[in-house]
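> One letter stands for each residue in the lines below.
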Amino acid sequence: MARMMLALAFVAGTSLVTGCASTIGNTADIGQVTFEVGKTNKNEVANTLGFPQNRVVQDGTEYWGYRGKPELTGLVYALPSGPNTVTTYQATKIRTEPLQMDSVDVIYAFDDNGTLIGIHEPAK
Amino acid sequence: MKRFFTLFVFAALAAGCATAPKLSPEIAGELSSSNVAAAFYLEGKKINYDEMVYKVLWNENRSQASVFEGSWDVDSEVTAEFSDSLASIGLASRPIFDVLPEGLYDEFVQTVLNTRGADGYNVPMSMDSAVRDALLQNNIDYVILLRAASYQAQKVTGFAPQFTLPSLLLVYDVRRNVQQYDGVFLMGGKIAVEESPREVEANGLAKLKTATNEWIHTATATALPEALGLDVGS
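Chains R and D, in that order, are what the protein sequence lines are.
With the first letter of the first sequence counted as 1, position 111 gets the number 111 in our numbering; the numbers rise by one all the way through.
If you count the second sequence from 1, you need to add 124 to reach our numbering.
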């Protein structure tokens, strides 16, 4: 019985800490997917990850930039402010400039036939 | 004083949000029996996702964009759909790219882009003279334009995502060379997904394309005649 209570407490504690996960991220983990340069095409990348967060076309090459996870843009939390009162606080980050390629985690480059010709991870 | 205040509050509640004035009955009648060019233009070829994620002790707001520019010729496809929708309510409509030579379509797009000023506010349309001449040569009397910003998807943990395509409806009188109407035109609704709103991107945006066509048809049959004051029953 004591073990059962301990397990329940562990599950409850874990869910309190984690809550729910975001559902608007890429449809696959960019660290777990494998694409083949010279073989994979744009449609296969889009069907695996979803469409990119940034797209640039330069000198006949198309670049797709992906972030690893959705951007955190705000937090809403409540703190006790008295014996019977709670105050809600909100912190919001507003993006004033469009997402640049240097702030993505992976860049895929395609030729004008839509074939993958390069993979670049700016942070590495 | 109290009675006046009550009346003011009631009037404000009854009025709701401000709406753009409809076309004059004369122009509305003329539009119904004129040749019309239909156009749809999406400024940002992307879906902006916003999600409120429940974290028990706090809530997180997260954002993600999906850019589909270059993978879906949304302007052409939706323009054709919009033209069909206008025809189904009785207007003599043709897609704008059917009445403009290829080189002039880019000029028309620039005309559309110029309807948003540098400060983001709307500017009355001023038609490029070459575009106007080509429209007149093809007996086009009016251009009905839907200028959309970008797709928006809102998701709250535990609830189905809501998709919207905020747009501006604009009517340009080609013969008089003047804009006759502009007003906010909202389209959108739910798109069935199992777990993630981003499922709408699968199979070349199949679900998003189907939903967009439905929104265009529904809004053209219901909201558009109401907004412009068209009598589509006659």
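Rather than coming from a laboratory, the hints here were simulated on the basis of the structure.
Warning: the hint list may mix true and false statements.
Dumping the calculated DSS-like pairs for lysine-lysine here, alpha-carbon to alpha-carbon at most 25 Å [claimed, not checked]:
| hint | chain 1 | residue 1 | chain 2 | residue 2 |
| --- | --- | --- | --- | --- |
| 1 | R | Lys39 | D | Lys179 |
| 2 | R | Lys93 | D | Lys170 |
| 3 | R | Lys42 | D | Lys333 |
| 4 | R | Lys69 | D | Lys146 |
| 5 | D | Lys179 | R | Lys42 |
Pulled a few chain D residues facing chain R out of the computed Cβ check, cut under 7 Å [as the list claims (entries may be wrong)]:
| hint | residue |
| --- | --- |
| 6 | Glu175 |
| 7 | Lys179 |
| 8 | Asn185 |
| 9 | Arg186 |
| 10 | Ser187 |
| 11 | Phe192 |
| 12 | Glu193 |
| 13 | Trp196 |
| 14 | Asp199 |
| 15 | Phe283 |
| 16 | Ala284 |
| 17 | Gln286 |
| 18 | Glu325 |
Where a beta carbon is used, it is the ideal one built from N, C-alpha and C, also for glycine.
> Taking the hints in turn, state whether each one holds.
Against the structure, the hints:
Taking the CA atoms of R/Lys39 and D/Lys179, the gap is about 41 Å. The hint is violated against a cut of 25 Å. Taking the CA atoms of R/Lys93 and D/Lys170, the gap is about 21 Å. The hint holds against a cut of 25 Å. The hinted pair formed by R/Lys42 and D/Lys333 meets the criterion: a straight-line CA distance of about 19 Å does not exceed 25 Å. Proposed proximity of R/Lys69 and D/Lys146 is contradicted: the alpha carbons are some 45 Å apart, above 25 Å.
At most 25 Å may separate the alpha-carbon atoms for a hinted pair to count; D/Lys179 and R/Lys42 exceed this at roughly 35 Å. Because the beta carbon of D/Glu175 sits about 5 Å from the nearest beta carbon in chain R, less than 7 Å, this interface hint is met. Hint on D/Lys179 holds. Least Cβ distance to chain R is approximately 3 Å, under the 7 Å limit. Residue-level restraint check for D/Asn185 holds (minimum Cβ-Cβ distance to chain R is 4 Å; threshold 7 Å).
At a threshold of 7 Å, the smallest CB-CB gap from D/Arg186 to chain R is about 4 Å, leaving the interface hint in force. About 5 Å separates the beta-carbon of D/Ser187 from the nearest beta-carbon of chain R, less than 7 Å, and the hint is met. For D/Phe192, the shortest C-beta to C-beta distance to chain R is roughly 5 Å, which falls under 7 Å, so the interface hint holds. Annotation: D/Glu193 was flagged as interfacial toward chain R, and the flag holds, the nearest CB pair being 6 Å apart, inside 7 Å.
Annotation: interface hint on D/Trp196 violated; nearest CB of chain R at approximately 9 Å, more than 7 Å. Nearest Cβ of chain R to the Cβ of D/Asp199: about 16 Å, over the 7 Å cut. The hint is violated. Checking D/Phe283 against chain R by beta carbon gives a least distance of about 11 Å; that is not within 7 Å, so the hint is violated. Using the Cβ-Cβ criterion of 7 Å, the hint placing D/Ala284 at the interface with chain R is not satisfied: the shortest such distance is roughly 11 Å.
Below 7 Å, beta-carbon pairs count as interface contacts, and D/Gln286 has none with chain R, the closest being about 13 Å; its hint is therefore violated. With its C-beta approaching chain R no nearer than about 5 Å, D/Glu325 sits inside the 7 Å limit, and its interface hint holds.
Hints 1, 4, 5, 13, 14, 15, 16 and 17, counting from the list given before, are not met by this structure.
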